Amino acid sequence: MSTPITIALAGNPNAGKTTLFNTLTGARQHVGNYPGVTVEKKAGAYTFASGEEATIIDLPGTYSLTAYSVEEVVARDYLVQEKPDVVVNITDASNLERNLYLSTQFLELGVPMIIALNMIDVAQDRGISLDAQRLSALLKVPVVPIIARSGKGTAELMAAALELAQKNAPWDPLYISYGEDVDLALQTMAQRITTAGFMTDSYAPRWLALKYLEGDSQIREKGRRADPVVDGELQEIVTKVGEHLLKTMETYPEAIIADHRYGYIKSVLRQEVITHKFDIDRLHASDRIDKVLTNRFMGPLIMLAVLLGLYKFTFTYSQLPVAWFAVFFDWLSGNLNTLLPDGHLKSMLISGVIHGMGGVLGFVPLIMFMFFGIAILEDSGYLARVAFMMDRVFRIFGLHGSSVMAYIVSGGIAGGCAVPGVMAARTLRSPRERLATLLTVSFMNCGAKLPVLALLTATFFSRSQAQLMFLLTLLAWLVALTAAKILRLTVLRGESTPFVMELPPYRFPTFRGLLIHTWERTWQYIKKAGTTILTISILIWAMMTFPGLPQSEEENFARQRQEVAASSAQTTDDQQLKEQLAAIDTAQAGSTLRHSLAGRIGTAMETVSWLPGFDWRTNIALVGGFAAKEVIVTTLGTAYSLGETDPESNATLSETLAKDPHWNPVVALALIVFVMFYAPCFVTVVCISKESGSWKWGLFSICFNTAFAFLLATLVYQGGRLLGLAG
Amino acid sequence: MPTVPLRKMQKDQSGTITAVKVGGELGRRIRDMGIVPGTRITIMGRAPLFDPVAIRIMGGTLTLRNSEADYIEVEVA
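Chains as they are written, first to last, in my numbering: chain F, -18 to 708; chain B, 19 to 95.
Derived by calculation from the structure, the hints in this document are not laboratory data.
Keep in mind that the hints are not guaranteed to be accurate.
As the list claims (entries may be wrong) - Below, simulated DSS-like cross-link-like pairs (lysine-lysine); rule was C-alpha separation at most 30 Å, straight line:
#1 B:K39 <-> F:K221
#2 F:K508 <-> F:K327
#3 F:K247 <-> B:K39
#4 F:K22 <-> F:K133
#5 F:K121 <-> F:K148
#6 F:K466 <-> F:K677
#7 B:K39 <-> B:K29
#8 F:K258 <-> F:K247
#9 F:K203 <-> B:K39
#10 F:K677 <-> F:K22
#11 F:K293 <-> F:K64
#12 F:K22 <-> F:K559
#13 F:K228 <-> B:K29
#14 F:K272 <-> B:K29
#15 F:K247 <-> F:K121
#16 F:K677 <-> F:K203
#17 F:K221 <-> F:K203
#18 B:K26 <-> F:K247
#19 F:K258 <-> B:K39
#20 F:K247 <-> F:K228
#21 F:K247 <-> B:K29
#22 F:K293 <-> F:K466
#23 F:K258 <-> F:K272
#24 F:K148 <-> F:K133
#25 B:K26 <-> F:K272
#26 F:K677 <-> F:K508
#27 F:K228 <-> B:K26
#28 F:K133 <-> F:K121
#29 F:K247 <-> F:K133
Stated by the list, open to error - Label pairs and their computed distance ranges (CB to CB):
#30 F:A30 <-> B:Q28: 54 to 64 Å
#31 B:T36 <-> F:L452: 20 to 30 Å
#32 F:W152 <-> B:T36: 47 to 57 Å
#33 B:T36 <-> F:G290: 38 to 48 Å
#34 F:T516 <-> B:K29: 54 to 64 Å
#35 B:A95 <-> F:L680: 55 to 65 Å
#36 B:Q28 <-> F:T181: 47 to 57 Å
All figures in this text were calculated on a predicted structure; none of them were measured in a lab.
For every residue, glycine included, the Cβ atom is placed at its ideal position computed from N, Cα and C.
Between the sequences and the hints, there should be enough to build the whole structure, so can you do that?
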């Protein structure tokens, strides 16, 4: 058995690369990450009819091989460093001219390549006929027409790939002429590179020179590190040619290079490779759909309905599986409760491990449903239209049209969840805009904040609760977008990433594609978040448990219990006894919480928390809220020694707060504002860190949000007091 | 033939690109996507707030912001 051959799939986004990958490998795929970046690395296994094995690598979709975003860098580094046996370049046959731009760059690199003319059926419907043999003869590479969706032609494609791999021919770069000025510069630079042996172990001299002329930032940086002297000399040549071109022709080297590449493609296609039966500008079915879906008036309305539908779908249909998980974990903790003796182990298993696992797995149905919904929008091509329609609005805040999805899912319509919201930001390709979105979606009113908001508004603003809740939703949007703008003007400062993007033709998503898409993203969430969340969950449990009450206090509560039991021995009223014992239990829980590390932190925080008007009880609840926002109400209940408080029906807590002299509408409003905007729950923080690729950003979101919330809450409280509203 | 910046073109108007006057990353991205001199271009429509603009080029549809369209000159025909 020889080692399996490696085949890299490469092509433009929307050319059907993923569909082909799924068709070829089926369920035999493995998703990972390229080291150091958040780009997915997908590999799969394929068995040829003859029994040979192949590893298929699905490279990220790119339009070019010159460094622009991480996708290009990843794809190029893979080709240059890993040297796959064959590249299968998948092209959209109905849009061949532009797709061949990338193919030309593979040819210039010299990697053994096959061109797959995908969606040949769509091209035929559009009156485009292609002569694959002629194209193959002109480009000197095998060309195979296929339909990736149905698998038609894929066997021939793979047979051709195997044949090419077995030839094991050396890389054979294509030299395109770029006109006198550029060619001369290329020649001088290539000579200099060869004599100096400048990075020649990784790159071909002429190719390297070409990248310098194209102004490729990644290659230049590598060159500077490899040999600053040669790098300087090469850069000097580039500058000189650049100045000359600007003076004589008002153009740039990279423009000349692109023009000549397209010229080469045009010269190939003109030799009876492609014939159009209809006018090339003819409106296709997809364009007619666009006339409605991106219509200036109807478009936004339809988009609102679609996004609302996605939201309803995610949060309504996932309710049932979420409830199953909840029932399962309740059952599990119930069983443990009866099986294990009282003590720290039991408490840790139930409050730390099971609640932590429940925290991770409880989100799984939500994430699955959301990714399924997004996969439909993405695979059908609608998502690009959403970005198109929303871009003008979101650009004002330094964001991208695609950001809208993440905000809606996070709670832009109250009751979402920031965890799937953070994951939804994956559809954004521009790094700065994506990071700004990641860091601000948690400002939205997620479902877990609602019980807190509901409790406080019902208690202190019962007459205008509905209006206030609506205003709070608007406030969340305002704050999130403003914060995004602030971030883009400070830590994420920089030019907005070019918006130029494709509006791919509408397509019916394949069910199999949707399922694979949904599952691999969900699984990544479970794998990545699972371990971290369990650890943090146990940590938070420990913070709220240790150190325990001192011996004397424990004894004090035990004595109280005995007294109650003794005094009730005479009476026969069981009910009364239970109530008295429960009262002691909750009193003990209250003191334990105050005595614990979390309680001490809460008490210590009073030194600053008087500014927004929070006492130690509120502080503890807010510390607990870092575990999950719904914990705030429960912890507040424990801190007020009210025992188990059901976050859904909190009549007693509401009454207690209403009577407590410390509380008034101004304090309540300050707390509402704080809860809305302070540190995201740690599940979100973990997701932000994983999605941004750095814990730095997770930590940043904790600090930035808390500082921001503190400022706002202080303004509300102190402002309210000055206006004399604090009664 | 009049030459106008892409931003000024009306819906359904067609023409041939005469110049792309930008270098650097944006310039490269624009060219990667097929917006090069000599190519036919048709305005497909504009977003609700008149920006970005959707264009038909080489048989596919692209969108770009008006600020990016400013660099592209078209000979209207």
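Numbers of the earlier hints that this structure fails to satisfy, in rising order: 11, 12, 13, 19, 31, 32
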